[in-house]
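Got chain A; can you put chain B on it based on the hints?
Residue numbers (my numbering), protein chains in the order written: chain A, 1 to 106; chain B, 1 to 408.
Because the hints were derived from the structure by calculation, they are not lab data.
Where a beta carbon is used, it is the ideal one built from N, C-alpha and C, also for glycine.
Possibly wrong hints are sitting among the right ones.
[Claimed, not checked] The following residues of chain B were derived to be distant from chain A, with all beta-carbon distances above 10 Å: (1) Asp-134; (2) Ala-226; (3) Asp-255; (4) Asp-342; (5) Ala-398; (6) Lys-403.
[Claimed, not checked] Simulated crosslink set (DSSO-like; lysine-lysine; CA at most 27 Å straight-line): (7) B:Lys-53 - B:Lys-81; (8) B:Lys-403 - B:Lys-354; (9) B:Lys-250 - B:Lys-81; (10) A:Lys-19 - A:Lys-30; (11) A:Lys-30 - B:Lys-49; (12) B:Lys-224 - B:Lys-146; (13) B:Lys-53 - A:Lys-19; (14) B:Lys-146 - A:Lys-89; (15) A:Lys-89 - A:Lys-60; (16) B:Lys-331 - B:Lys-361; (17) A:Lys-30 - A:Lys-3; (18) A:Lys-89 - B:Lys-49; (19) A:Lys-30 - B:Lys-73; (20) A:Lys-19 - B:Lys-250; (21) B:Lys-361 - B:Lys-403; (22) A:Lys-19 - B:Lys-146; (23) A:Lys-89 - B:Lys-53; (24) A:Lys-58 - B:Lys-49; (25) B:Lys-331 - A:Lys-30; (26) A:Lys-30 - B:Lys-53; (27) B:Lys-139 - A:Lys-30.
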Amino acid sequence: MAKITYIEFNGAEHVVDVKPGLSVMEGAVKNNIPGIDADCGGACACATCHVYVDAAWKDKTGSQSAMEESMLDFAENVEPNSRLSCQIKVTDALDGLVVRMPQSQH
Amino acid sequence: MSEPGVVIVGAGHAGGTAAALLRQYGYEAPITIVGDEPVAPYQRPPLSKAWLKGETDAEALMLRPLTFYADHKIELILDVKVTAIHRAAKTVALDDGRTIAYDQLILALGSRARPLPIPGADLAGVLFLRSAADAETLKAAIGPGKRLAVIGGGYIGLEAAASGRTLGADVVVLEREPRLLARVACETLSTFFQRYHEARGVTFELGAQAVAFEGEGGKLTGVKLADGRMIPCDEALVGVGALPNEELAKEAGLDCSGGIVVDMHARTSDPAIFAIGDVTHRPLPLYDRMFRLESVANALEQAKQAAAAIAGRPPPPPEVTWNWSDQYDVKLQLAGIAFDSDDILVRGDPATAKFAVFHLKGPVIRAVEAVNAPAEFMAARQLIGSQRPIDRAKLADAAISMKEVAAS
Chain A
1 MAKITYIEFN GAEHVVDVKP GLSVMEGAVK NNIPGIDADC GGACACATCH VYVDAAWKDK
61 TGSQSAMEES MLDFAENVEP NSRLSCQIKV TDALDGLVVR MPQSQH
Chain B
1 MSEPGVVIVG AGHAGGTAAA LLRQYGYEAP ITIVGDEPVA PYQRPPLSKA WLKGETDAEA
61 LMLRPLTFYA DHKIELILDV KVTAIHRAAK TVALDDGRTI AYDQLILALG SRARPLPIPG
121 ADLAGVLFLR SAADAETLKA AIGPGKRLAV IGGGYIGLEA AASGRTLGAD VVVLEREPRL
181 LARVACETLS TFFQRYHEAR GVTFELGAQA VAFEGEGGKL TGVKLADGRM IPCDEALVGV
241 GALPNEELAK EAGLDCSGGI VVDMHARTSD PAIFAIGDVT HRPLPLYDRM FRLESVANAL
301 EQAKQAAAAI AGRPPPPPEV TWNWSDQYDV KLQLAGIAFD SDDILVRGDP ATAKFAVFHL
361 KGPVIRAVEA VNAPAEFMAA RQLIGSQRPI DRAKLADAAI SMKEVAAS
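Isolated chain B (complex conformation):
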């Protein structure tokens, strides 16, 4: 009987990439991917961006062509859930009754949309955006003249709002906090995006708490706010954050702390089990702490760590975390995290829609939020990693190139 090989639970960006990298690194034993969606691994970021606007098709979303998995002897078990991990026996139980064995297990369980526990959440027209199926439903719902209420002014909500406007829908964004992107971006950026969206016809209700979905005949008609107002709409998209799918790991007794706890090899508290992507609570060596990240860059970095550890290769060097967002013609690029920063420096003028916000700790850049400013993003990504001190006066002067800032 042959060895069981690697079993990957989760057929998302992280899981699909880990399988491909294992083969690229010369791993020859069997690889099995178990996913609970009916489709092979695909890219989620375009679901709220280019795909939603109809600029790219379903085929372009696929992480790899289907032939890839057969060609590389990677077995895909789709539309099936893993119900338990039996660590002593090194097996996982599937909801179709099967049990499969592993030498190493990679948990790429992802995250799920945080529910909004208010009355009426089961009405038709209350939508979430996480999977390709969610995106299909949303896309069908947001045509010209349709009224879309977006609950939550985070990145998903704002990207959906931009795509909705581009497709001709009326869009109102309801945000509980007094500003947009309150948990994830600085105030300069919040203000910029609010104005940019308003100029394109999006309405905002800030400090607005949704308390109920109202409906007729099982179909959504509006969102009721805490101040008693009713916001009429045809569809409501709930974008209030994500929760890690860590339950399976918890039940198996793995260390979890708002995500599955892993080290820089993506290894969990069980040496035969790895975890990668949105589901992990991972070390951030540059910031000297543990954190849970939700990004493609994080999924890819940890896929590399796990694949390298399993294939017996040296661990990859730690990366500077990064992310991006597309809204209308604005490209926002983010690098690093603003942990422990003591000052904020804006380079360029937000009114020109080309600027960057640097988060500094003394003379060292900790994070950047770059709006249509790729040079600032690329330079900062390198400077965040090297922790090289910069000349603040030069950084603040947009007439001095980032090459010169980085070299000084």
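The shape of chain A in the complex, shown without the other chains:
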């Protein structure tokens, strides 16, 4: 299990254990954490699972695919550490990961 901290825009913190193999998005949805909509269910088709990856974890979470980069290019409030959480696979190496959510996914 990897312990992941999801921080809502209003500062509310949710620390949950996520099974390796799931995506960071699925970890949020399965634990009923608000703020990640994931309208398309993880098909990288909608850009409603946008998160900011804490600086310390940027390298470990990998880089954006071309598809993800193009989708994020048109999302709201994009920062250099923006990712689509459906595209980050959880591994044991991500134990301790911290992600923050934007004000809105739409």
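Coordinates of chain B only, in the frame set by chain A:
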């Protein structure tokens, strides 16, 4: 006695989401979901895509974990049908004999596969794809060497064809119209998908009308066409569209017109009754008309509208309708609807499998069909909503970024 609260009829993507949003919006009275399938709300789109190919499991399909419903005091009544709505008494009757009361009722009744009324439709091997149970049957039927005939070259049919090929089945698609996706996409897209599938071994019979299923000993052996030919197959998947499950609403006297008529709050002609998802005939403010949509995006938008109205929140802003399809390694993303468009503009080269087709009304984008072109999809979604005029010459030039097109 406590208040009855909200009763949601239909445990699909729309119904499950409405319940979750009501709680998220602070609604505290009881919520009951009644569903006629034996499982809690799940996602249907992967049934013809990732799930069918075995890339995702049943647990990943679930909209929420089961604990969610207990934790949020949402009662799930599954494998039970609602047989009548008694509007004056504000109750619904269930087929297990119970009657339950509501303050507000949300009808999330969905749609069902359109039947193909030809002889032999009851043979074993004639399949549909709507529910998780349908998908289980199809998945078990399409292994290596199996011959699958897909009747209907729409999105469901093409996604199943792609998944079938990926799993090693022989696939033939029978389409009544002279081209694929005839009702839902432009010709450029039809041609692209036909070639893409053909290059991966799918056979097409266009302008081909199925007139009968032939069988032996109760088991399907082939599909007979109007021109007399017989297409031999082990299984036939019928994907010829969907019909709204509006009967319950009609019998209750609610306004229906090829779907339950609702407003932008998802409210029906009875102020205590809402309807959301595939079953509705809804306003599309951007296109100034009423229409029935079949998509997750529509289900989610209307779930928000109904939940906001019931929880006393301001209505959400209207969204640009969108959808997607996965076939092989192709991601098709659709936004808007090509209503009233007077021109079509293709950006990029279909031969490269990365292009977008824009439907324009003057200088305004009305709809986009984007193939492996996420920037075109995302930009168009915003431009369709804002109705901002664009520079057509720039849009047509794939060397100019969509950022620049959108800013011009």
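Hints and how they fare:
no.: 1; hint: Asp-134; in the structure: holds, 18 Å
no.: 2; hint: Ala-226; in the structure: holds, 37 Å
no.: 3; hint: Asp-255; in the structure: holds, 29 Å
no.: 4; hint: Asp-342; in the structure: holds, 26 Å
no.: 5; hint: Ala-398; in the structure: holds, 13 Å
no.: 6; hint: Lys-403; in the structure: violated, 7 Å
no.: 7; hint: B:Lys-53 - B:Lys-81; in the structure: violated, 31 Å
no.: 8; hint: B:Lys-403 - B:Lys-354; in the structure: holds, 17 Å
no.: 9; hint: B:Lys-250 - B:Lys-81; in the structure: holds, 16 Å
no.: 10; hint: A:Lys-19 - A:Lys-30; in the structure: holds, 11 Å
no.: 11; hint: A:Lys-30 - B:Lys-49; in the structure: holds, 21 Å
no.: 12; hint: B:Lys-224 - B:Lys-146; in the structure: holds, 18 Å
no.: 13; hint: B:Lys-53 - A:Lys-19; in the structure: holds, 22 Å
no.: 14; hint: B:Lys-146 - A:Lys-89; in the structure: violated, 34 Å
no.: 15; hint: A:Lys-89 - A:Lys-60; in the structure: holds, 11 Å
no.: 16; hint: B:Lys-331 - B:Lys-361; in the structure: holds, 25 Å
no.: 17; hint: A:Lys-30 - A:Lys-3; in the structure: holds, 14 Å
no.: 18; hint: A:Lys-89 - B:Lys-49; in the structure: holds, 20 Å
no.: 19; hint: A:Lys-30 - B:Lys-73; in the structure: holds, 17 Å
no.: 20; hint: A:Lys-19 - B:Lys-250; in the structure: violated, 46 Å
no.: 21; hint: B:Lys-361 - B:Lys-403; in the structure: holds, 21 Å
no.: 22; hint: A:Lys-19 - B:Lys-146; in the structure: violated, 36 Å
no.: 23; hint: A:Lys-89 - B:Lys-53; in the structure: holds, 20 Å
no.: 24; hint: A:Lys-58 - B:Lys-49; in the structure: violated, 31 Å
no.: 25; hint: B:Lys-331 - A:Lys-30; in the structure: holds, 25 Å
no.: 26; hint: A:Lys-30 - B:Lys-53; in the structure: holds, 23 Å
no.: 27; hint: B:Lys-139 - A:Lys-30; in the structure: holds, 26 Å
Hints 6, 7, 14, 20, 22 and 24, counting from the list given before, are not met by this structure.
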